[in-house]
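So the sequence lines, in the order shown, correspond to chains W and E.
Position one of the first sequence corresponds to residue 0 (numbering that gives the first Met the number 0), numbered consecutively onward.
Position one of the second sequence corresponds to residue 0 (numbering that gives the first Met the number 0), numbered consecutively onward.
Just so you know, these hints were derived from the structure itself, not from any lab.
Please note that the accuracy of each hint is not assured.
[To be verified] Not everything, but these chain E residues come out facing chain W in the computed CB check (under 10 angstroms):
| id | residue |
| --- | --- |
| 1 | Thr29 |
| 2 | Leu30 |
| 3 | Tyr67 |
| 4 | His108 |
| 5 | Leu109 |
| 6 | Thr245 |
[What the hints assert, rightly or not] Far from chain W, by Cβ distances over 10 angstroms, these chain E residues were calculated:
| id | residue |
| --- | --- |
| 7 | Glu17 |
| 8 | Leu101 |
| 9 | Gly123 |
| 10 | Thr172 |
| 11 | Pro249 |
| 12 | Glu273 |
Heads up, the beta-carbon is just placed ideally off N, CA and C, and yes, glycines get one too.
There are 2 protein chains.
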Amino acid sequence: MPARAIAVAPDTRAGMYEAMCRAVIDGGGTLADITVAEGLVWSDPAHPGAFPGLVAEARKLEWIQLPYAGIEPFADHLDERWRWTCGKGVYAPAVAETVLALMLAGQKHLHGYSRASGWSRPVGRILGGSRVTILGGGGITDHLLPLLAPFGCDVTVVRRSSEPFEGANRTVTTSRLHEVLPRTDVLVLALALTAETTGIIAAPELAALPDHAWLVNVARGGHVVTDDLVTALTNDAIGGAALDVTDPEPLPDGHPLWSAPNCLITPHIANTPEMGLALLEPFVAENVRRFCSGEDLLAPVDVALGY
Amino acid sequence: MPARAIAVAPDTRAGMYEAMCRAVIDGGGTLADITVAEGLVWSDPAHPGAFPGLVAEARKLEWIQLPYAGIEPFADHLDERWRWTCGKGVYAPAVAETVLALMLAGQKHLHGYSRASGWSRPVGRILGGSRVTILGGGGITDHLLPLLAPFGCDVTVVRRSSEPFEGANRTVTTSRLHEVLPRTDVLVLALALTAETTGIIAAPELAALPDHAWLVNVARGGHVVTDDLVTALTNDAIGGAALDVTDPEPLPDGHPLWSAPNCLITPHIANTPEMGLALLEPFVAENVRRFCSGEDLLAPVDVALGY
Numbered sequence: 000m001p002a003r004a005i006a007v008a009p010d011t012r013a014g015m016y017e018a019m020c021r022a023v024i025d026g027g028g029t030l031a032d033i034t035v036a037e038g039l040v041w042s043d044p045a046h047p048g049a050f051p052g053l054v055a056e057a058r059k060l061e062w063i064q065l066p067y068a069g070i071e072p073f074a075d076h077l078d079e080r081w082r083w084t085c086g087k088g089v090y091a092p093a094v095a096e097t098v099l100a101l102m103l104a105g106q107k108h109l110h111g112y113s114r115a116s117g118w119s120r121p122v123g124r125i126l127g128g129s130r131v132t133i134l135g136g137g138g139i140t141d142h143l144l145p146l147l148a149p150f151g152c153d154v155t156v157v158r159r160s161s162e163p164f165e166g167a168n169r170t171v172t173t174s175r176l177h178e179v180l181p182r183t184d185v186l187v188l189a190l191a192l193t194a195e196t197t198g199i200i201a202a203p204e205l206a207a208l209p210d211h212a213w214l215v216n217v218a219r220g221g222h223v224v225t226d227d228l229v230t231a232l233t234n235d236a237i238g239g240a241a242l243d244v245t246d247p248e249p250l251p252d253g254h255p256l257w258s259a260p261n262c263l264i265t266p267h268i269a270n271t272p273e274m275g276l277a278l279l280e281p282f283v284a285e286n287v288r289r290f291c292s293g294e295d296l297l298a299p300v301d302v303a304l305g306y
Numbered sequence: 000m001p002a003r004a005i006a007v008a009p010d011t012r013a014g015m016y017e018a019m020c021r022a023v024i025d026g027g028g029t030l031a032d033i034t035v036a037e038g039l040v041w042s043d044p045a046h047p048g049a050f051p052g053l054v055a056e057a058r059k060l061e062w063i064q065l066p067y068a069g070i071e072p073f074a075d076h077l078d079e080r081w082r083w084t085c086g087k088g089v090y091a092p093a094v095a096e097t098v099l100a101l102m103l104a105g106q107k108h109l110h111g112y113s114r115a116s117g118w119s120r121p122v123g124r125i126l127g128g129s130r131v132t133i134l135g136g137g138g139i140t141d142h143l144l145p146l147l148a149p150f151g152c153d154v155t156v157v158r159r160s161s162e163p164f165e166g167a168n169r170t171v172t173t174s175r176l177h178e179v180l181p182r183t184d185v186l187v188l189a190l191a192l193t194a195e196t197t198g199i200i201a202a203p204e205l206a207a208l209p210d211h212a213w214l215v216n217v218a219r220g221g222h223v224v225t226d227d228l229v230t231a232l233t234n235d236a237i238g239g240a241a242l243d244v245t246d247p248e249p250l251p252d253g254h255p256l257w258s259a260p261n262c263l264i265t266p267h268i269a270n271t272p273e274m275g276l277a278l279l280e281p282f283v284a285e286n287v288r289r290f291c292s293g294e295d296l297l298a299p300v301d302v303a304l305g306y
């Protein structure tokens, strides 16, 4: 298997640059300058603008590996001259872990106890056996269900199609969301943000939930009508909310969600840079190995579709 | 199968009294006054002192069901005239859930984010694949390992005997604790408090842990030398601590642990009254059923040994 020449660029983010260089070597590639590289591993998510100037010097480039799960930052640069791959699915295990962390934190009142400076009354609920409704049937749900399996929860997946989702007790279409909400102890948002799903959780949906139900959002802030959520939390209409994403995001200082009771906000940590790198490095190494040996690459981007 | 007469007492704690009455009926028993009862379900953990006066009136009593996992409160009342059962093992599933909640909270920095009133930098680690060391090979560990299984952690159980613990990658005796500590990302205390295990985690053990390691204690506060832990937390010698039990307990206001960085304290919530009742009710129902049908009872107490 020939070691092919792979460039890693830009080097503006040291930790990521080094990790991607290691991945190239671990995958059996040879680090190379962009002028002679056959592959390029993009190593700074924050600087897509540096791309055109860099690839203008490339003479042998065939393949570009992007670090993103969603490649919107590179939408303008996609070009069918090259094969593109991205990080689709790479981060889902980390996000699923964060979902379970937030679900358990809500049940065990960890947000409240974290804020306490004195001993207080023991409260908390058991997650095991409870009714969990997950909106979205993608990679996060794929990785969440095995983590939930030993808890023996009653899991309903709500998605566009009613095709059964492995590991769920039932799968229903989004049109039946309101049937499911009253029988939900924990509602997890793990769906893509589209025109149809923007604001999918608003006052009527929050009112349909039992008053002990928790909302966990690791998808996008725009799925939830924030003002309606603030009202529901303030009125104890639901048990609480754990939000890894918000609208607006970042959530500004002084926003009422910061002081809403039973609200735990994490700043989009489901996939932190340090967690992401640990997952991305072996993934990129595997794609380098595949590139060197002529196998199909993981997470290909369809340039025409743009994802 | 004859419905046997079961008393539920005292009625000083309404929620528990009602739950235990339901359990008697669900188990096929008949609620009865203590004077004619063949069985007694004790329904207020906080009032063992009411026991002698009550049983003085009993004429047909054979069996007493206590609500505790550890029956120290009834130690003075144990009497071989009757068969005793307790709640051994009943609460372990709830405690195991809390262990995982605290492990994940540490990895995802939930204590820090809970205290924040503004957006901050995303930090966090992946629990999946990390090295977990569990002190104790009892019911909590039994129930924790299945919850951990899908995370693919490398689990070491440290216990008195080196008999392999199912689901652990390895089991070692307590004498080898110091070999294991440097290779530990999360250290879980789930062992019984005895003379040998009091203060088992002190300055030398904390120093042997990697500086990112988290300590999770759901056993007893006395396992940890609190002052040494405060020093380790203050010096960032370990990653953090999540404590459901403390020494002293309750932890007094103003204690340095309340303000120690990276310390999450929950007030002995691993088994809250509301969680415990949900687990105890079906357990007592099952024991009532067994009592009525003459089968072996669950969680028998050895009166001579006192547990």
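Worksheet item: When you look at the beta carbon of Glu17(E), is every beta carbon of chain W farther off than 10 angstroms?
Response: About 19 angstroms separates Glu17(E) from the closest Cβ of chain W, which puts it past 10 angstroms; holds.
Worksheet item: Per the stated criterion, does the least C-beta distance between Thr172(E) and chain W lie above 10 angstroms, as a non-interface residue requires?
Response: holds (28 angstroms)
Worksheet item: Close enough to count: is the Cβ of Leu109(E) nearer than 10 angstroms to one in chain W?
Response: Nearest chain W Cβ about 5 angstroms off; hint holds.
Worksheet entry | chain W contact restraint for Thr29(E) - C-beta distance below 10 angstroms | Violated - the Cβ of Thr29(E) stays beyond 10 angstroms from chain W, reaching only about 29 angstroms at its closest.
Discussion item. Quick check on His108(E) please, does its C-beta sit within 10 angstroms of some C-beta on chain W?
Written reply: Holds - the Cβ of His108(E) comes within 10 angstroms of chain W, reaching about 7 angstroms at its closest.
Worksheet item: Just checking, Pro249(E) versus chain W, shortest CB gap more than 10 angstroms?
Response: Check fails; 4 angstroms does not lie beyond 10 angstroms.
Discussion item. Is the claim that Gly123(E) lies outside the interface with chain W correct, judged by CB distances over 10 angstroms?
Written reply: At about 5 angstroms from chain W, Gly123(E) fails to clear the 10 angstroms cut-off, so the statement is violated.
Fill in: Interface hint compliance - Leu30(E) to chain W, C-beta minimum distance less than 10 angstroms
violated (27 angstroms)
Practice prompt. May I ask you to check that Glu273(E) keeps its beta-carbon over 10 angstroms from the closest beta-carbon of chain W?
Written response: violated (7 angstroms)
Worksheet item: Is the nearest CB of chain W more than 10 angstroms from the CB of Leu101(E)?
Response: violated (8 angstroms)
Fill in: When the least beta-carbon distance from Tyr67(E) to chain W is tested against 10 angstroms, hint result
violated (15 angstroms)
Worksheet entry | When the least beta-carbon distance from Thr245(E) to chain W is tested against 10 angstroms, hint result | The hint holds - Thr245(E) has a Cβ within 10 angstroms of chain W, the shortest such distance being about 8 angstroms.
Checked against the numbered hints given earlier, this structure breaks hints 1, 2, 3, 8, 9, 11, 12; the rest are met.
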